[in-house]
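In order, the protein sequences belong to chains A and B.
All the letters of the first sequence, read from the start, carry residue numbers 1 to 120 under this note's numbering.
All the letters of the second sequence, read from the start, carry residue numbers 1001 to 1107 under this note's numbering.
The set of hints was computed from the structure by calculation and includes no laboratory data.
The C-beta atom is built at its ideal place from N, Cα and C for all residues, glycine as well.
Among the hints, erroneous ones may be present.
What the hints assert, rightly or not - Stretches of chain A that chain B covers, calculated by requiring three or more beta carbons in the stretch to come under 8 angstroms of a beta carbon on chain B: (1) 18-24; (2) 57-66; (3) 77-86.
Said to hold, decoys possible - Examples of chain A residues toward chain B, derived with CB under 10 angstroms: (4) L11; (5) V37; (6) A50; (7) G53; (8) Y95; (9) R100; (10) L103; (11) S104; (12) G113; (13) I117; (14) V118; (15) S119; (16) S120.
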Amino acid sequence: EVQLLESGGGLAQPGGSLRLSCAASGFTFSSYAMSWVRQAPGKGLEWVSAISGSGGSTYSADSVKGRFTISRDNPKNTLSLQMSSLRVEDTAVYYCAKMRGGLSGADDYWGQGTLVIVSS
Amino acid sequence: DIQMTQSPSTLSASVGDRVTVTCRASQSISSWLAWYQQKPGKAPKCLIYQASILESGVPSRFSGSGSGTEFTLTISSLQPDDFATYYCQQYESYPYTFGQGTKLEIK
């Protein structure tokens, strides 16, 4: 059974940093691209970032480019999102998702999300 | 970036109704479209990918169609469990983008 468990959310100050993690199990982690999607309170879904199975290719939304870095540790089956220069508008639930196959795929499994609040 | 526009934003319907949600892309995305269902406080769930392929375990009352720039999600006979918010997403090119969502409410 595929399981994705996010952690690391919490309260951060504007300009601060936070690192999110996603522990994956139930599938061959290194064989699949992974992504982060966020949802601000009461709003729709916003794609954030994606990474190939090897970690060699990454993509990010313009809204987070230069501030957020996606990475993965395949031996530890862990996906990460390093967030810096946080803004109030980064407040959201952050979901990690397994992509169907490579970097060109839909998100077929999602974690339950971790809440990030950016506030002074 | 490819813009995705869903209609309607809100849909009121009754159990047993047939409903259709439309998603339009600002440029052709071939069939690289997914539909997700989200219930309050829960993670999204993928229902359909590649415009018309049903995810394993998704009831057959859900169906998807379309290609190019216009797509539809149809629920043939609404069940109580189907009242939720639905999102389309294009994955033809980065940055991947979602529609704004369609909230399906009980009439």
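Evaluated hints:
no. : hint  : verdict
1   : 18-24 : violated (count 0)
2   : 57-66 : holds (count 4)
3   : 77-86 : violated (count 0)
4   : L11   : violated, 20 angstroms
5   : V37   : holds, 8 angstroms
6   : A50   : holds, 7 angstroms
7   : G53   : violated, 16 angstroms
8   : Y95   : holds, 6 angstroms
9   : R100  : holds, 6 angstroms
10  : L103  : holds, 8 angstroms
11  : S104  : holds, 6 angstroms
12  : G113  : holds, 6 angstroms
13  : I117  : violated, 16 angstroms
14  : V118  : violated, 21 angstroms
15  : S119  : violated, 21 angstroms
16  : S120  : violated, 27 angstroms
When the structure is compared with the earlier hints, violations turn up for hints 1, 3, 4, 7, 13, 14, 15, 16 and for no others.
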